[in-house]
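Protein chains in written order, with this note's numbering: chain A, 1 to 200; chain B, 1001 to 1468.
Worth double-checking, as some hints may not be accurate.
[Unchecked claim] Partial chain A-side listing against chain B, Cβ under 7 Å, derived:
id, residue
1, 27
2, 113
3, 176
[Said to hold, decoys possible] Away from chain B, derived, C-beta distances all over 10 Å, residues of chain A:
id, residue
4, 60
5, 66
6, 74
7, 76
8, 93
9, 104
10, 151
[Stated by the list, open to error] Output of the computed footprint for chain A on chain B, the stretches with three or more beta carbons under 8 Å from beta carbons of chain A:
id, segment
11, 1184-1194
12, 1328-1342
13, 1358-1367
Since the hints were derived computationally from the structure, they do not count as laboratory data.
Just so it is clear, CB atoms sit at the ideal spot from N, CA and C, and this is done for glycine as well.
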Amino acid sequence: MSPFKILRSRTAVLPARDVDTDQIIPARFLTTTTRSGLGVHLFADWRYDGDGAPNADFVLNRPEAKGCAILVAGNNFGCGSSREHAPWALTDYGFRAVVSTQIADIFRSNSLKNGLLPVIADPVSHAWLMEHPGADVTIDLETTTLTLPTGQTVRFLLEPFARYCLMNGVDQLGFLLAREQQIGEYERRTAAVGGGAIRG
Amino acid sequence: MSSAPQTLFEKVWRRHEVAAETSDTPAVLYIDLHLIHEVTSPQAFTVLRERGLGVRRPQLTFATMDHSTPTRTEQVFGGAPIAIEAAARQVRELEVNCAAFGVELLGLRHARRGIVHIIGPELGLTQPGKTVVCGDSHTSTHGALGALAFGIGTTEVGHVLATQCLLQRKPRTLAINVSGRLAAGVTAKDLILAIIGRIGVSGGTGHVIEYRGETIAALGMDERMTVCNMSIEAGARAGMIAPDETTYAYLAGRPRAPQGEAWDQALAEWRRLPTDAGARFDQEIAIDASALEPMVTYGTNPGMVIPISASIPQRPGDAVFAKSLAYMGFEPGRRVAEQPVNVVFVGSCTNGRLSDLRDAASLLRGRKVAPGVQMLVVPGSQEVKREAEAEGLHRIFLDAGAQWRESGCSMCLGMNGDLVPKGQYAVSTSNRNFEGRQGIGARTLLASPLTAAASAVRGRVTDPRELM
Chain A
1 MSPFKILRSR
11 TAVLPARDVD
21 TDQIIPARFL
31 TTTTRSGLGV
41 HLFADWRYDG
51 DGAPNADFVL
61 NRPEAKGCAI
71 LVAGNNFGCG
81 SSREHAPWAL
91 TDYGFRAVVS
101 TQIADIFRSN
111 SLKNGLLPVI
121 ADPVSHAWLM
131 EHPGADVTID
141 LETTTLTLPT
151 GQTVRFLLEP
161 FARYCLMNGV
171 DQLGFLLARE
181 QQIGEYERRT
191 AAVGGGAIRG
Chain B
1001 MSSAPQTLFE
1011 KVWRRHEVAA
1021 ETSDTPAVLY
1031 IDLHLIHEVT
1041 SPQAFTVLRE
1051 RGLGVRRPQL
1061 TFATMDHSTP
1071 TRTEQVFGGA
1081 PIAIEAAARQ
1091 VRELEVNCAA
1101 FGVELLGLRH
1111 ARRGIVHIIG
1121 PELGLTQPGK
1131 TVVCGDSHTS
1141 THGALGALAF
1151 GIGTTEVGHV
1161 LATQCLLQRK
1171 PRTLAINVSG
1181 RLAAGVTAKD
1191 LILAIIGRIG
1201 VSGGTGHVIE
1211 YRGETIAALG
1221 MDERMTVCNM
1231 SIEAGARAGM
1241 IAPDETTYAY
1251 LAGRPRAPQG
1261 EAWDQALAEW
1271 RRLPTDAGAR
1281 FDQEIAIDAS
1291 ALEPMVTYGT
1301 NPGMVIPISA
1311 SIPQRPGDAV
1321 FAKSLAYMGF
1331 EPGRRVAEQP
1341 VNVVFVGSCT
1351 NGRLSDLRDA
1361 ASLLRGRKVA
1371 PGVQMLVVPG
1381 SQEVKREAEA
1391 EGLHRIFLDA
1401 GAQWRESGCS
1411 MCLGMNGDLV
1421 PKGQYAVSTS
1431 NRNFEGRQGI
1441 GARTLLASPL
1451 TAAASAVRGR
1461 VTDPRELM
């Protein structure tokens, strides 16, 4: 995973709240056994009509949305299913950050593991962003700030370990594997493998 | 020993801390039971292969197939191919991965296969005090037995396969205290829909819910699982119910539950799990169950729900709300009751257990599914199917004109081709009424098995109490 320090991009704004992962990537595309190539199906049922032609009204089909790496959406983005295909589809499409006032737990966790930054903005900045699609925004992970084109800079909260991993391209599996000794000690202490045996 | 009173959640959490969280790092949490299925596991096994890793504790991981599997008997048992090629490939890949990494798999034709959240408890794999994870958000179901159970993504599936651990920040706790008796015709499904309607689809975000109180204690295990199952629809990380005599009676004698002396030891441990008197929750709310009616959703998330006698609320100026109603073909101020329906689905990890099928059958006995209505009854597991058939429930469904299928997730998310046609209205006992969830343009009305069955008989959304 490539390190994430500063992201400067125009925003695409999705005027919806409680956007669930079934909208981000419908279930019929989950039969894949790889992580790649899902960007073309991102928001498929909003983005294309019944014949597969692009829906001119949908934000991502407007010319000004091309190349936007920051998606701004209403409250509670990414609710519903645990499918990691949702951040896979968003990153494959080209998004590097999602800005909302609340982001669902599992989606947020999945996003952080795929270099997609979940930004919980304060309600005032968020409302401004929702009203100004295409705004040129800078997200700085060093200072955990969001800078609006008005020049206003606001802090956002990010769990310190998630920030550390994003900024340094740290792979969390490597971090866990390095805890081998502690895990082994836990297993011996609790007899997790023997005592918790499920073979009956 | 710490003497401060603890919640059920805190006890289970602390017992699984390989390393406690610090301000810089999340906790390393040990996982006792890892359930996997065909849809969210392939990419995790790919990572193991790429990095030359094995499964650390294969005996703590358990696999089945449910999401993309067919429910037509001839496709499951008759040698007819799985219609969707990509689904067939996923099923084969799970078989190959489980064989290669030594993970036990209940495959497509296994007698104990079923929806992962139905078979975990049914086999006795799910037990009080365990940490249970699965690459599926409805893993919250298992909390009904006093386990800490939550859904994870595929990267985390890989973490558990390789290390039997997860990196987790400790969630906050929310107590939902439920008092009063559910009226006849009002079920656990109506209770959880009412709770989601009250706290909203993000009301539980960042929290583990403990459902408490006399109403919860009076529920059977199937009903408790229905409640915990939909915790994720309120945004919660997990839902839990303290284990009690109902839990122990349910687990006793199940194939993978402890037996003999091990059972006595386990039972002694389990009895120490319930929340201590005086333990503090970060938030608490109270619900009066005696005031509830059968509930039905009217919009495109489970929080858009009303009592069946009520009308759709007015939200002038709310464009998102208006768009949701437009998708559903509804207007504010009208009732959902009496809406003609095209499809009725009874099944899913929410309502695919034996008591759910009994509920549906109780209203279908001696009646017919209304002309023009397609009704699918899909048991949650092959064991549920056998039990239902032993009671003759399948005869009631078939005589009424419903279809009786093999187990699986089926029309809850339509991955296997069991779909609601575009624009049609489906009364569904599943968990999500999201746009397109049951098929492109499908209009889902979430309700209990009783309401689903009553609506099938009348061909319109019907208060089940009218038929009781």
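Hint by hint, here is what the structure shows:
1. With a least beta-carbon distance of about 4 Å to chain B, the hint placing residue 27 of chain A at the interface is held under the 7 Å criterion.
2. For residue 113 of chain A, the interface hint holds, since its Cβ comes within 7 Å of a Cβ in chain B; the closest pair sits about 4 Å apart.
3. For residue 176 of chain A, the interface hint holds, the least distance from its beta-carbon to any beta-carbon of chain B being 4 Å, beneath 7 Å.
4. With 10 Å as the threshold on Cβ separation, the claim that residue 60 of chain A sits away from chain B holds: the shortest Cβ distance comes to roughly 16 Å.
5. Under the 10 Å C-beta cut-off, the non-interface status given to residue 66 of chain A relative to chain B holds; the minimum distance is some 24 Å.
6. Listed as outside the interface, residue 74 of chain A is inconsistent with that label: its C-beta sits roughly 7 Å from the nearest C-beta of chain B, within the 10 Å cut-off.
7. Distance check on residue 76 of chain A: its Cβ comes as close as 4 Å (rounded) to a Cβ of chain B, failing to clear the 10 Å threshold; non-interface status is violated.
8. Every beta carbon of chain B lies more than 10 Å from that of residue 93 of chain A, the smallest distance being close to 18 Å; the non-interface claim holds.
9. With 10 Å as the threshold on Cβ separation, the claim that residue 104 of chain A sits away from chain B is violated: the shortest Cβ distance comes to roughly 6 Å.
10. The Cβ of residue 151 of chain A lies farther than 10 Å from every Cβ of chain B, with a closest approach of about 30 Å, so its non-interface assignment holds.
11. With 0 residues having a Cβ less than 8 Å from any Cβ of chain A, the segment 1184-1194 of chain B misses the three-residue criterion, and the hint is violated.
12. Counting residues of the segment 1328-1342 of chain B whose C-beta lies closer than 8 Å to any C-beta of chain A gives 0; at least three are required, and the coverage claim is violated.
13. With 0 residues carrying a beta carbon less than 8 Å from a beta carbon of chain A, the segment 1358-1367 of chain B misses the three-residue requirement, and the given coverage is violated.
Violated hints, listed in ascending order, are 6, 7, 9, 11, 12 and 13; each of the other numbered hints is respected by the structure.
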